[in-house]
Amino acid sequence: NAGVTQTPKFQVLKTGQSMTLQCAQDMNHNSMYWYRQDPGMGLRLIYYSASEGTTDKGEVPNGYNVSRLNKREFSLRLESAAPSQTSVYFCASRTDSNYGYTFGSGTRLTVV
Amino acid sequence: GESVGLHLPTLSVQEGDNSIINCAYSNSASDYFIWYKQESGKGPQFIIDIRSNMDKRQGQRVTVLLNKTVKHLSLQIAATQPGDSAVYFCAENSKTSGSRLTFGEGTQLTVNP
Numbered sequence: 001n002a003g004v005t006q007t008p009k010f011q012v013l014k015t016g017q018s019m020t021l022q023c024a025q026d027m028n029h030n031s032m033y034w035y036r037q038d039p040g041m042g043l044r045l046i047y048y049s050a051s052e053g054t055t056d057k058g059e060v061p062n063g064y065n066v067s068r069l070n071k072r073e074f075s076l077r078l079e080s081a082a083p084s085q086t087s088v089y090f091c092a093s094r095t096d097s098n099y100g101y102t103f104g105s106g107t108r109l110t111v112v
Numbered sequence: 001g002e003s004v005g006l007h008l009p010t011l012s013v014q015e016g017d018n019s020i021i022n023c024a025y026s027n028s029a030s031d032y033f034i035w036y037k038q039e040s041g042k043g044p045q046f047i048i049d050i051r052s053n054m055d056k057r058q059g060q061r062v063t064v065l066l067n068k069t070v071k072h073l074s075l076q077i078a079a080t081q082p083g084d085s086a087v088y089f090c091a092e093n094s095k096t097s098g099s100r101l102t103f104g105e106g107t108q109l110t111v112n113p
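Going down the list, the protein sequences come from chains A and B. Heads up: the first sequence runs through residues 1 to 112, numbered per our numbering. Heads up: the second sequence runs through residues 1 to 113, numbered per our numbering.
Below, simulated DSS-like cross-link-like pairs (lysine-lysine); rule was C-alpha separation at most 25 Å, straight line:
(1) B:Lys95 - B:Lys56
(2) A:Lys71 - B:Lys95
(3) B:Lys37 - A:Lys9
(4) A:Lys71 - A:Lys9
(5) A:Lys9 - A:Lys57
(6) B:Lys68 - B:Lys37
(7) A:Lys57 - B:Lys95
(8) A:Lys71 - A:Lys57
(9) B:Lys71 - B:Lys37
(10) B:Lys42 - A:Lys9
(11) B:Lys71 - B:Lys95
(12) B:Lys68 - B:Lys56
Read the hints as simulated data drawn from the structure, not as lab findings.
Whenever a hint applies, use it, and build me the whole structure from the sequences.
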């Protein structure tokens, strides 16, 4: 039981490049989330998917897109990376509102 | 250029002491609360949770206290160990926020040997 798996763990992009961060969970959770965490700051919600087939914007969605490919997978895409998107990205999942999130180990992204 | 980040609240304790980390929340409709621990370079890990129909819950070396009157949550760690050094986040859930948790800013706990 791997929990929440994120790939890649590290990535360096040049400004303007695009990439997709992958996230998969094997716990049959309904809801999935993408957060970013900047130094000395808390977690900020980018996008979430309350159930398969739905996605919604969070607190900081600009510059990102998401796809809930199926119940297991929720990807985050940066179409044109900017230095302001340098951050650590966490994916999380949850079965329902009576339980907490399970987090992945994060993707450390640097945009130069 | 330079980037300036916010400084997390910090708590420094001696090994073996008890630690108390506090969290205030604002939503009176919040009905479920969680504490997470985040070690350097890792994702947040669940420590303990509590529902709004309780005011205290105990785990292994950890206790969460909930005071709904003043909207305050605390995490007590008994006999703090160096391995407890991490950032601790509280999170809350309410029916108005749907499936989303709202996270606090975090507290950096440092345990001195």
